[in-house]
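Participant: Read off the chains here:
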Amino acid sequence: MAGDTIVQGETGLEAAAAPKPRSEWTMAWRRLRRNKAALAGLGILIIISLAAIFADVIATEPENHFDIMAAELPPGSEGHPLGTDDIGRDVFSRIVRGSRISLRVGFSAVTISAIVGTLIGLSAGYFGRWVDMVISRIIDVMLAFPGLLLAMTVVAALGSGLNNAMIALGVAGIPFYARVVRSTTLAARELVYVRAARAVGMSDARIMLRHILPNIVSPILIMATLGLGGAILAAAGLSFLGLGAERPSPEWGLELSSSRHLLRSSWWISTFNGLAIAITVLSINLLGDGLREALDPQAGAWSH
Amino acid sequence: MAGYIIRRVLYMIPVLFGVLIVVFVLMRLIPGDPIEIFYQSGEIGGSGATSREGGEVSRKAIETLRESYNLDKSPPHQFVLYVWDVVRGDLGTSIAYRRPVVDMIASHWPATFALTMASMAVAITIGVGAGVVSAIKRHTFVDYGAQMFAILGISFPPFFVGLLLILVFAIKWQTDDGVGMLPAVSNGYGKELILPALTLGTAASAILARLTRSSMLDVLSRDYVRTARSKGLRERVVVMGHALRNALIPVVTVIGLEFGGLLAGAVIIEAVFHRQGLGLRLIDAIIDRDYPVVQGLVLLSAVIYAVANLLVDVLYTYIDPRVRLETTGS
Numbered sequence: 027m028a029g030d031t032i033v034q035g036e037t038g039l040e041a042a043a044a045p046k047p048r049s050e051w052t053m054a055w056r057r058l059r060r061n062k063a064a065l066a067g068l069g070i071l072i073i074i075s076l077a078a079i080f081a082d083v084i085a086t087e088p089e090n091h092f093d094i095m096a097a098e099l100p101p102g103s104e105g106h107p108l109g110t111d112d113i114g115r116d117v118f119s120r121i122v123r124g125s126r127i128s129l130r131v132g133f134s135a136v137t138i139s140a141i142v143g144t145l146i147g148l149s150a151g152y153f154g155r156w157v158d159m160v161i162s163r164i165i166d167v168m169l170a171f172p173g174l175l176l177a178m179t180v181v182a183a184l185g186s187g188l189n190n191a192m193i194a195l196g197v198a199g200i201p202f203y204a205r206v207v208r209s210t211t212l213a214a215r216e217l218v219y220v221r222a223a224r225a226v227g228m229s230d231a232r233i234m235l236r237h238i239l240p241n242i243v244s245p246i247l248i249m250a251t252l253g254l255g256g257a258i259l260a261a262a263g264l265s266f267l268g269l270g271a272e273r274p275s276p277e278w279g280l281e282l283s284s285s286r287h288l289l290r291s292s293w294w295i296s297t298f299n300g301l302a303i304a305i306t307v308l309s310i311n312l313l314g315d316g317l318r319e320a321l322d323p324q325a326g327a328w329s330h
Numbered sequence: 020m021a022g023y024i025i026r027r028v029l030y031m032i033p034v035l036f037g038v039l040i041v042v043f044v045l046m047r048l049i050p051g052d053p054i055e056i057f058y059q060s061g062e063i064g065g066s067g068a069t070s071r072e073g074g075e076v077s078r079k080a081i082e083t084l085r086e087s088y089n090l091d092k093s094p095p096h097q098f099v100l101y102v103w104d105v106v107r108g109d110l111g112t113s114i115a116y117r118r119p120v121v122d123m124i125a126s127h128w129p130a131t132f133a134l135t136m137a138s139m140a141v142a143i144t145i146g147v148g149a150g151v152v153s154a155i156k157r158h159t160f161v162d163y164g165a166q167m168f169a170i171l172g173i174s175f176p177p178f179f180v181g182l183l184l185i186l187v188f189a190i191k192w193q194t195d196d197g198v199g200m201l202p203a204v205s206n207g208y209g210k211e212l213i214l215p216a217l218t219l220g221t222a223a224s225a226i227l228a229r230l231t232r233s234s235m236l237d238v239l240s241r242d243y244v245r246t247a248r249s250k251g252l253r254e255r256v257v258v259m260g261h262a263l264r265n266a267l268i269p270v271v272t273v274i275g276l277e278f279g280g281l282l283a284g285a286v287i288i289e290a291v292f293h294r295q296g297l298g299l300r301l302i303d304a305i306i307d308r309d310y311p312v313v314q315g316l317v318l319l320s321a322v323i324y325a326v327a328n329l330l331v332d333v334l335y336t337y338i339d340p341r342v343r344l345e346t347t348g349s
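Residue numbers (the numbering used here), protein chains in the order written: chain A, 27 to 330; chain B, 20 to 349.
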């Protein structure tokens, strides 16, 4: 799933780089490399991803292993660096396994939003007229739902559960990509080489994918990176509300919610799960900010 | 001006109608008959159709209920009836509570509204303050500190911040008689409001701080600010009088949108603090599949959001006379 966004980015990258080999992306990488915060974010994100991939090796206890005799042990206890929960499950092991869930849900939701949103936005901007009108009205309606409400309504229809939450977040993200891609496409459509491609009779699909898409890869990439952090937060939020993951899943938001009545006696369960979400999202946001500055040096809201 | 507002309001109608269609269709996708689901899961509040008795009597009561919810009619027919009800200001009746949705909104609205106002006050104070200081003291430790706060603020999940505040102020930090400094369960409007407002306000202030900083930096590099400085005006006057006024224009938009999203933002905070507002009702309704309540609350939020959007655009012309509404209308 994660690969889809990147593969999409790379095809665009090659096409964009065809006339002047990769210079733009090399420059962007150089700028990114100078940004310490972004590099730190990238580093942390790589560590978390590795933890997710090798979760079964890193976790010290088998999945769902519990030991009622070792319940609510504080952090630093022997064999339990982050303590245990109310039925004696190792908090560290569960957090490591939870990273797998959060990254998967985040990547999947963003992939759905980015791919569908891009295709819709491309069509609206390229074909114009009634196609644009219909799509734009649909985008308006989707954007009329404030915050998480569209995702929550979709969850209400599909029923709660992690996969449904993932689909709901994916759907809720579509209009943001569609809107940006549409307006960028409107501008790109009038570029000389796009008009030339149309004049020589190239097919619409080919023009859109080979000549227009490369122009809009960097805004999509920036949105997708920052959107990944947002999706992970939102998914944890839905799970916290009881609309996402279900017990005994080690999903971070769910863990936080189901351990909150233990806040008084064992603060560490909620705290470490909350920190796991925060650090993951923070690393992604740092990287996303850095990417925005690197790919779009004029605009960056955070540029120095 | 009046023409612009009328056009905007007229445009709101099809969009909100679209929202109505989307919510209505999504609610009809819920598998099973909502009344049956309630029948099986327990009692239908106050309806007399106590479940698990089976038999003819409650069957009949259920049929009556289905009829009263128009569930015996086809979905398109139901939609027409629903739209007609909405137009007359009737959002239907909750299945779980057997109470008109409008009544539920009226009784739970104040809790959400107070939370929103208090958290906006927190957000504007911290957010705009941090953003301005950060821009003026650019590249100093104050600036880096404010930037750090802002990125942490958008990365920390609000429900986690809320739990941390509860841990510190309601559990660890106690008065002499063993009661927490601030209450963790929040239904009042006094000090019960402090923790939830801080939680929701901090999240919003991070966004505002980032925006204010970049907007302020942009304005400070403009010619009229340079002119003001070269006239020999004191820095304070330049910053407060000339720069801030203009820098706040985009900030107003975000404040408006944050305010418009009040119900959406309050959902998670109300869940953390068990605050009996509209957000908590919405979660319950989604879990209970109480579709009239979900429909009503989502529609209400969309209306508030749309109105807030409109007000922001109108407000723009007052703060920034350069903006001509006719060109921004599309």
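Check the hints yourself; a few may be wrong.
[Said to hold, decoys possible] If you want the ones that stay clear, here's a sample from chain B, every Cβ over 12 angstroms from chain A, calculated:
#1 A133
#2 V180
#3 E211
[To be verified] Under 10 angstroms between C-beta atoms, here's a sample of chain A residues computed to sit facing chain B:
#4 L65
#5 L68
#6 I72
#7 I74
#8 V180
#9 G187
#10 W278
Hints were generated in silico from the structure; no laboratory data involved. These figures come from a predicted structure and were not determined experimentally. All residues carry an ideal CB built from backbone N, CA and C; glycine is no exception.
Participant: Would you mind marking each hint as holding or not holding in the structure?
Facilitator: Hints, verified against the model:
no. : hint : in the structure
1   : A133 : holds, 19 angstroms
2   : V180 : violated, 8 angstroms
3   : E211 : holds, 18 angstroms
4   : L65  : violated, 15 angstroms
5   : L68  : violated, 15 angstroms
6   : I72  : violated, 17 angstroms
7   : I74  : violated, 13 angstroms
8   : V180 : holds, 6 angstroms
9   : G187 : violated, 12 angstroms
10  : W278 : holds, 9 angstroms
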